[in-house]
Amino acid sequence: MNRRTLLATAALGLGLAFGGVANAQAMDKAKACFVYVGPIGDLGWSYQHHQGALAVQEAYGDKVEVTWQENVPEGADAERVLTQMALSGCNIIFTTSFGYMDATNAVAAKFPNMKFEHATGYKREQPNVATYNARFYEGRAIQGHIAGKMTKSNKIGYIGSFPIPEVIMGINSYYLHAKKVNPAVELTVVWAFTWFDPAKEADAAKAMIEQGVDVIASHTDSTAPLAEAAKANGAVIGFGQASDMADYKPSPRVSSIIDNWAPYYVKRVGEVLDGTWTQTDVWAGIKDGEVEIGEITDAVPAEVKAEAEAMRDAIAAGTYHPFTGPIKKQDGSDWLAEGAVAPDGDLLGMGFYVEGITADIPK
Amino acid sequence: MLRLEKRPSPSRFWQGMTPVLAVVLTMIAGGVMFAALGKDPVEAIRTIFWDPLFNAQFASYSRPQLLVKAGPLILIAIGLSLGFRAGIWNIGAEGQYIMGALAGAGVGLAFYPAQHWGIFPLMVLAGALGGWVWAMIPAILKTRFNTNEILVSLLMVYIAQNILSSMSLGLLRNPEGGGFPGSRNLSQYPSASNPELIAGTGMHWGVIAAFMAVIAAHILLQRHILGFHIKLAGQAPRAARFAGVNPTGLVLLCMGISGALAGLAGLFEVAGPAGQISIDFNVGYGFTAIIVAFLGRLNPIGILLAGLLMALTYIGGELAQFMLGLPAAAIQAFQGMLLFFLLAVDLLSNYRVRLGAKVEAA
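Chains D and W supply the protein sequences, listed in that same order. Numbering-wise (our numbering), the first sequence opens with residue 90 and increments by one. Numbering-wise (our numbering), the second sequence opens with residue -5 and increments by one.
Just so you know, the hints here were simulated from the structure itself, not pulled from any lab data. As the structure is a computational prediction, the values presented were derived from the model and not from experiment. Mixed in with the good hints, there may be bad ones.
What the hints assert, rightly or not - DSSO-like, lysine-lysine: derived pairs with alpha carbons at most 30 Å apart:
| no. | chain 1 | residue 1 | chain 2 | residue 2 |
| --- | --- | --- | --- | --- |
| 1 | W | Lys33 | D | Lys118 |
| 2 | D | Lys269 | D | Lys338 |
| 3 | D | Lys152 | W | Lys225 |
| 4 | D | Lys376 | D | Lys269 |
| 5 | D | Lys238 | D | Lys120 |
| 6 | D | Lys152 | D | Lys199 |
| 7 | D | Lys417 | D | Lys394 |
| 8 | D | Lys199 | D | Lys212 |
| 9 | W | Lys33 | D | Lys120 |
Sequences and hints are given; from them, build the entire structure.
Here it is in structure tokens:
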């Protein structure tokens, strides 16, 4: 499902005005470049984007040259890296972290003939900038269901990276679905303020386990939280994040959210090759195959597994939306009425917790 | 058999030569590493050291970027070197850099959207002050309670990072940013921005400040009694006390200068290349500057060259990553080798290498 979101009307206007005007020349050979925030060996977020890059190479062979740079800090350095990439003759550059947003738009302004694809952002200030994201909150709903059913201490945890809407909606979705099957459940959120720092992530997991948390979901990029959970000898479970993290099967990793960027990358690079690339804003989910639910292991009882899989299938079929009313905000005010489904704009700008979460979003 | 013999005084020849030798050794060892990774070592070294400066495709952009990257490194390293010479170890420049940026950006954003020529100078003052205050905490704790400034200044970095997170999520958050963390972009606010002064040169006020700091530090150390005191305190603390050096004053002064310069670097960075306060605004300049200070032998001119060299390995390293597919970790190892070899060959300026058995001293 490719659709424009309603978040930024100004950006949307730009998109409509310029989308389709893009360069319509086909080319014989294209250079596709990728910028990663972590190392490609993080086995999580950056690793998964790199799998997408490799799929592009696989799909087009000699017609595409793929290059990448890992460990690029968000901020001033990103702008330089992007400029150097553009100078090296990239035809399309994928910038795969939220913090590259301003740099992507700034460099795109200087290289109007190149295409830029920014992951998880919302600014499309130039006609040659497209944005794309995945509906991770759909996967969080399934994790929440499993967490609510599996917790024995009724304490579940979530390791947050940065308090941005993408993460907050993940927390809300996780909590709502745990609460639905287990009204006694309590959620602990620990903020790591990093995307990738195995030591910090492990510390966060350790702190939660000490507080009695026995199901941990994480929104950071490494396998460290699972490694920490593994030390509890089966008493603590968690989920693979961004990547399947299958090394920790069957427990502590009982399931996972897998970001599958490959179809999108192959499609977009193909459009550059045949000259049909236009500015878009894509937010794809389970239905489109961009968010995959990794195998639910036997550590989860068969009935819970069946329920979780039924939810996955309902989301894929479009018959269930993880944010369906009635839902109140944390402060008790109404958000969604009975049966109402959250508009994408609300989700993309989400800056509040839902009712029942006792933590505060850091200010 | 090889053995070492202490020189009566450090060799001037080797003091000058060791950095060059270290670079050459780094190239050789790095080349071996790149070859082991299956890349052409000559091409890799050329991409790192030559292409950013002379490759037709990149040089016109990369050369000015060298100044942008080296500017904050030099500015911070100059301040640190004064303290290091006096045996005062400020390891927390990263935190002072953050606090300078926060103070400076805070002043600028407080005036938004007013346009006035006086706003930027005020931000510069606030930036220096922010870094100075943050450095004064370990300095006063040291002079009053004899705490260890290495530990305190380092731990203050983590406090500063948390304040940075809090500021980008709360007080300084862009009210028009759709709930996303991070301040307004100062580069889009003319009165508060630190733009490239001459297009295509990379020159911004921070680079100019770095050059000025190099000159000022050079004069201070060569011509001023204070410079003499700093050197004396480091080389012979007891003699310094007899010469009338006030150790408390020296700690406050050296920590203060290094904090203020780090704060300035942060301010120029946030108003210029970075543009905004964000959660991960700091990228380690404060720590890398420690390497730069030692690579430059704590000498202002040396620091200038070392800062440029360090910037070159960053920018060249980035080119090598995406042109040749070298992993980021290999580039970091390469940079680490530089410091390693420098410290190793440093031995040569203090010791003579002799062949044969030890001769009894006469």
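Lys238 of chain D and Lys120 of chain D: Cα distance at most 30 Å? Cα-Cα ~48 Å, so violated.
Lys33 of chain W and Lys118 of chain D were given as a pair; does the straight-line alpha-carbon distance stay at or below 30 Å? Holds, at about 24 Å.
Straight-line Cα separation of Lys417 of chain D and Lys394 of chain D no greater than 30 Å? holds (28 Å)
Holds or violated: are the alpha carbons of Lys152 of chain D and Lys199 of chain D at most 30 Å from each other? Answer holds: Lys152 of chain D to Lys199 of chain D is near 26 Å, not above 30 Å.
Taken at face value, is the distance from the CA of Lys225 of chain W to the CA of Lys152 of chain D at most 30 Å? violated (62 Å)
For Lys199 of chain D and Lys212 of chain D, compute the direct alpha-carbon distance and say whether it is at most 30 Å. Holds, because 16 Å separates the two Cα atoms, which is no more than 30 Å.
Do the alpha carbons of Lys33 of chain W and Lys120 of chain D lie within 30 Å of each other, as the hint requires? holds (21 Å)
Straight-line alpha-carbon gap Lys376 of chain D to Lys269 of chain D, limit 30 Å: With Cα atoms ~23 Å apart, Lys376 of chain D and Lys269 of chain D stay inside 30 Å; holds.
Under the criterion that the straight-line Cα-Cα distance not exceed 30 Å, is the pair Lys269 of chain D, Lys338 of chain D satisfied? Roughly 26 Å between the alpha carbons, so the hint for Lys269 of chain D and Lys338 of chain D holds.
In summary, the numbered hints that this structure violates are 3 and 5.
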